[in-house]
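Take any residue in the sequence shown, note its place counting from 1, add 953, and you have its number in our numbering.
What the hints contain is simulated information worked out from the structure, not anything from laboratory work. Among these hints, one or two may not hold up.
[As the list claims (entries may be wrong)] Straight-line alpha carbon distances no greater than 25 Å define the calculated SDA-like cross-link-like pairs of lysine to any residue that follow: (1) Lys1226 x Val1238; (2) Lys1368 x Asp1569; (3) Lys1368 x Gly1414; (4) Lys1123 x Gly1220; (5) Lys1334 x Trp1586; (6) Lys1617 x Asp1595; (7) Lys1274 x Asn1294; (8) Lys1335 x Ala982; (9) Lys1490 x Lys1585; (10) Lys1165 x Gln1269; (11) Lys1563 x Ile1646; (12) Lys1411 x Glu1378; (13) Lys1507 x Asp1569; (14) Lys1366 x Trp1586; (15) Lys1661 x Asp1593; (16) Lys1320 x Val1072; (17) Lys1507 x Lys1483; (18) Lys1619 x Gly1697; (19) Lys1317 x Thr1525; (20) Lys1482 x Asn1354; (21) Lys1313 x Gln1338; (22) Lys1320 x Lys1619; (23) Lys1611 x His1718; (24) Lys1483 x Phe1464; (25) Lys1428 x Glu1382; (26) Lys1123 x Val1238; (27) Lys1482 x Lys1617; (28) Lys1482 x Pro1133; (29) Lys1335 x Ser1095; (30) Lys1578 x Pro1369; (31) Lys1274 x Pro1236; (32) Lys981 x Val1072; (33) Lys1585 x Asp1595; (34) Lys1467 x Gly1697; (35) Lys1617 x Lys1748; (36) Lys993 x Gln1338; (37) Lys1334 x Lys1748; (38) Lys1411 x Glu1364; (39) Lys1724 x His1662; (40) Lys1366 x Gln1575.
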Amino acid sequence: MQHDHMNIDSILKWEKGYGAINHSEETKAHVNEMIKYFIKHAIIGDDKHHYNLLIAADHLTNAAMWLAVHQVYANHVNLKEKDLSLEDFKQSPQGHLGGTLNMIPAYVGYLLANALMGVTRGWVMEQGHAVAAIDCVNLLVSNMSVAHSERYNISDAGLTRFVNDFYSYKLNSEGYQDSPLGSHVNPHTGGGHMEGGYLGFAGLQYVHMPLKDERLVAFLSDGAFEEQRGPDWAPRWWRAEDSGLVCPIMIANGRRIDQRTTIEQEGGVEWLKKHLTLNGFDPIVIDGRDPAAFAWLIFEQERRLQNSVGNMDSIQNYNIKIPYGIAVAPKGAGFYNEGTNYAHNLPLVDNPSVSEVAAKKFNKHVKKLFVPQGDLLNASKKFQQHNSIGRTLEKDNPIANRNITLTNIPETKFKPVNVSASPMEAIDEGFLSIVKANPHLRPRVGNPDELLSNHMEKTLGELKFRVVEAEAGSKEFTLGNVITALNEEAVAASAFGNKGGINMIVTYEAFGAKIFGGARQEVTFSKHKKNIGSPAKWLSIPIVLTSNTWENSKNELSHQDPSMAESMLSETSDISRVIFPADFNSAARTIEQLYQTQGQIWTIIVPKGKLNIILDAQNALQLAKDGAIRLKWLEYNHSDADIALVAIGAYQLAEVLKASIRLKDKNIAHTISYITEPGKFREPRNSGEAEYISGKEIISEIIKDHIKHVLIVSHTRPEVMLGTLQPLWNGRNVKGLGFINEGGTLGVDDMFFVNKCSWAHIIHHVENITKFQILTNGEIDALNGNASPDGVITKLL
């Protein structure tokens, strides 16, 4: 190959490759053209500087692969080229070595692109189980979190501790995991902000992650390609006007755990290129074994995307192809058994701590990855020049380190008590007012369908559906902020990914269960960050579940499901907050309080139907802060009462109040309490929950000390609340009513009847306590199944 550069020695040295890295003629041509571009445009140094970085990248890639193989198999590291004996190997090797070896050149290529261009990009990795790739490279270039830098360095001792921390399973003196290394990306991973443990979610989120003027590289998985519908919609959502540059790169190694991927079975790279082209991408294939190829790819993807934006005639038809990298390499490239199913985690097959044959294979194949310590330190130094140009370290990239707050908190609007209003209208009005008061925050509303039906009319009117081409007369715009597709996971990802902005997810309650996997990943990562003293500081994200189980009664049982609220309540309550607003005013307070918190997921179960307003503004504030409230003004003779009625859910409160009217008519004393946030009253399971729960004085107020009998009526299945709220019972006689998996094409009051928690069922249980007959004979016949409840218990005017 002919060169017109002066520093021919550096060029030729790089072109020879090193260890497991060989540069194809195509890669050489691409890289040489890229360097010419950098020199022409005076981008960070001369050609010698650039080629020395390329050489350093080859050294760094080999060294990281060498370290990763040791991390899986060895319990001792020696920086001199020395064979390991049987006693130097782990008795129980663990790790996902194949994916790790594929990710190392990719991540080094990402660092190389940053160093060559003087830009710090964010990154996200779909194959989170390949975290060892990130950790190994970060250690070698000192791009480590505090926990890593305190334990690891480039020395025999530092690297030996590093490999022994991997899958150590040790607990510290406080009873928690001792090692800051994990089997997936975690808060100790330098630059990590998403676990990637659930395949498919990174592919859904990445396009929503970077704000304008930020850049992101998303490492995607060909295994995850078959996991989740939605990543192929990225061109529908990306807009230069409010989004930073994105570089999706699939690591195409052709294998899942046990067999070939669907892509490989369908026809491999050529099939994938056609698929991507049909879905609005511009596919670019590279050698997935070469860090230089990745660096060029990132440069080329950004160049093409910027050129496409510059050539666009009008935003009225937003049809831009997103360049999509396909990095082709066999699974576990660079080590024994590459390309086979064995390469997934333990490619030696046999254990080298007991097998001489396996030990010899290890020593033979690790030799070609070895980098002398001097060359390694020199390579490492070249990737640590951030301060010289004032560039942010990769671990400190803004996408991984959000700190988002409101600039303005608008005045919350309330309605007078004893009028009817839809609580969803409070959600709609409150969210939109906060968005308008904080124009510095990019809004995203994730909505699978029926935003108007769910009473988010004002929000939709202002923010509009995001589309490629707007339909005349509709609430659509190419720059709209409402992300809609008939896929709950995909639209929820638009909010979970937009951690630099303000978000809301709105869906039918029954379909919220589809969002749970993604939501749980967010809760888990945020909880882990809080546990290490570095809490997540993105604005808390609400999942609004409406058309809820009870008001969705006209649909079938498939649409009547409180499972999402139950599942989120099972998660740690200081991060996963589950809220049941009682009325319009308490829903308004919920939105007001929500966006003044950070790093939490709020699951809010909100009726869209009009309900009587029970709480004034002050009572609604007390409810929001304490998690519950006694409705003293609605009780009867509370000082003599030994029965407490407790409602959780707006429709449940309505049934309790119906029952209360009958109890008052019969002069039966009782108290009435409403719990909006059950997680505040659980027995704390960790220190975060212990700081979050309501105090004993609030508990004593919600259920007075003299109360002997408690009847709880819950939006959810009653067993969930009976277990969660154990601290409230305190030896009392407790009965729980709620959803018992009955439903159909019914009305709201019919739903209460078939689930045995209507006002009449509440009265029946009070009868069992008091031994008084309160119900009429006709009502008793209906409860006993001897007469229709229509017009007797249900469908009353």
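Quick rundown of the hints versus the structure:
no., hint, in the structure
1, Lys1226 x Val1238, "9 Å, holds"
2, Lys1368 x Asp1569, "8 Å, holds"
3, Lys1368 x Gly1414, "22 Å, holds"
4, Lys1123 x Gly1220, "45 Å, violated"
5, Lys1334 x Trp1586, "71 Å, violated"
6, Lys1617 x Asp1595, "14 Å, holds"
7, Lys1274 x Asn1294, "34 Å, violated"
8, Lys1335 x Ala982, "23 Å, holds"
9, Lys1490 x Lys1585, "38 Å, violated"
10, Lys1165 x Gln1269, "20 Å, holds"
11, Lys1563 x Ile1646, "31 Å, violated"
12, Lys1411 x Glu1378, "9 Å, holds"
13, Lys1507 x Asp1569, "31 Å, violated"
14, Lys1366 x Trp1586, "23 Å, holds"
15, Lys1661 x Asp1593, "11 Å, holds"
16, Lys1320 x Val1072, "34 Å, violated"
17, Lys1507 x Lys1483, "42 Å, violated"
18, Lys1619 x Gly1697, "34 Å, violated"
19, Lys1317 x Thr1525, "48 Å, violated"
20, Lys1482 x Asn1354, "11 Å, holds"
21, Lys1313 x Gln1338, "39 Å, violated"
22, Lys1320 x Lys1619, "89 Å, violated"
23, Lys1611 x His1718, "14 Å, holds"
24, Lys1483 x Phe1464, "29 Å, violated"
25, Lys1428 x Glu1382, "17 Å, holds"
26, Lys1123 x Val1238, "42 Å, violated"
27, Lys1482 x Lys1617, "51 Å, violated"
28, Lys1482 x Pro1133, "12 Å, holds"
29, Lys1335 x Ser1095, "11 Å, holds"
30, Lys1578 x Pro1369, "20 Å, holds"
31, Lys1274 x Pro1236, "9 Å, holds"
32, Lys981 x Val1072, "22 Å, holds"
33, Lys1585 x Asp1595, "15 Å, holds"
34, Lys1467 x Gly1697, "21 Å, holds"
35, Lys1617 x Lys1748, "22 Å, holds"
36, Lys993 x Gln1338, "22 Å, holds"
37, Lys1334 x Lys1748, "77 Å, violated"
38, Lys1411 x Glu1364, "17 Å, holds"
39, Lys1724 x His1662, "13 Å, holds"
40, Lys1366 x Gln1575, "16 Å, holds"
The structure fails hints 4, 5, 7, 9, 11, 13, 16, 17, 18, 19, 21, 22, 24, 26, 27 and 37 (numbered hints given earlier, in ascending order).
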